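Engineer: Add 8 to the 1-based position in the sequence shown for the working numbering, that's all there is to it.
Bear in mind the hints are in silico, worked out from the structure with no lab data behind them.
Please read all numbers here as calculations on a predicted model, not as lab measurements.
We treat Cβ as the ideally placed atom computed from N, Cα and C, and that holds for glycine.
One thing to keep in mind: the hints can contain errors.
Distance windows between CB atoms, simulated [as the list claims (entries may be wrong)]:
no. : residue 1 : residue 2 : range
1   : Asp89     : Val63     : 23 to 33 Å
2   : Glu87     : Val113    : 31 to 41 Å
3   : Asp89     : Arg114    : 34 to 44 Å
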Amino acid sequence: MATAAYELDLHATASSLGLRPQLKPLRGHWTNEVSRGKAVFEIRGNLAMTRSGSVAIIEQSGHNSYNLAKPSGVQCRGELDGVGRLCWDDGRVWVRHEMAEGRAVRCVVCYGTGSRNPYDLVAAKVKCPHCFGIGTRSACHAARTWT
9 MATAAYELDL
19 HATASSLGLR
29 PQLKPLRGHW
39 TNEVSRGKAV
49 FEIRGNLAMT
59 RSGSVAIIEQ
69 SGHNSYNLAK
79 PSGVQCRGEL
89 DGVGRLCWDD
99 GRVWVRHEMA
109 EGRAVRCVVC
119 YGTGSRNPYD
129 LVAAKVKCPH
139 CFGIGTRSAC
149 HAARTWT
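With the sequences and hints as input, model every part of the structure.
Structural biologist: Okay, here's the thing in structure tokens:
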């Protein structure tokens, strides 16, 4: 009961600040169905971000339908189908990309911090391109110890 009240209060606070509620069905990592893993998109809140740093705004326009506004001004419309694919009107299809699956070894490149340069004192954090900002990598990328 307390959890429902907290979520209601959080939603009311977000709407009073002019923030849109998060798009929970889309939250996470997505990739193109044809070239899986080549381009990875992270949807967080109402933002779709790439590893290169470009950001697009995604908004829900109906039940399982979404609009994507790119920085270049291009608008795309997409629908979430029954299988969980996000089908865009220009023919592209995004599928879930399980980036963190099976990752248990600490990333030796970023020392497990998830940021590209852990010693950089600038406020802007850039995700480590080797562990995708989660601080762990798969065992096949772990440092080898020869005995």
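Engineer: Please go over all the hints and tell whether each is borne out by the structure.
Structural biologist: Tested hints:
The hinted window of 23 to 33 Å between Asp89 and Val63 holds, with their beta carbons roughly 25 Å apart. With their beta carbons about 38 Å apart, Glu87 and Val113 fall inside the hinted range of 31 to 41 Å. About 37 Å separates the C-beta atoms of Asp89 and Arg114, a value consistent with the hinted range of 34 to 44 Å.
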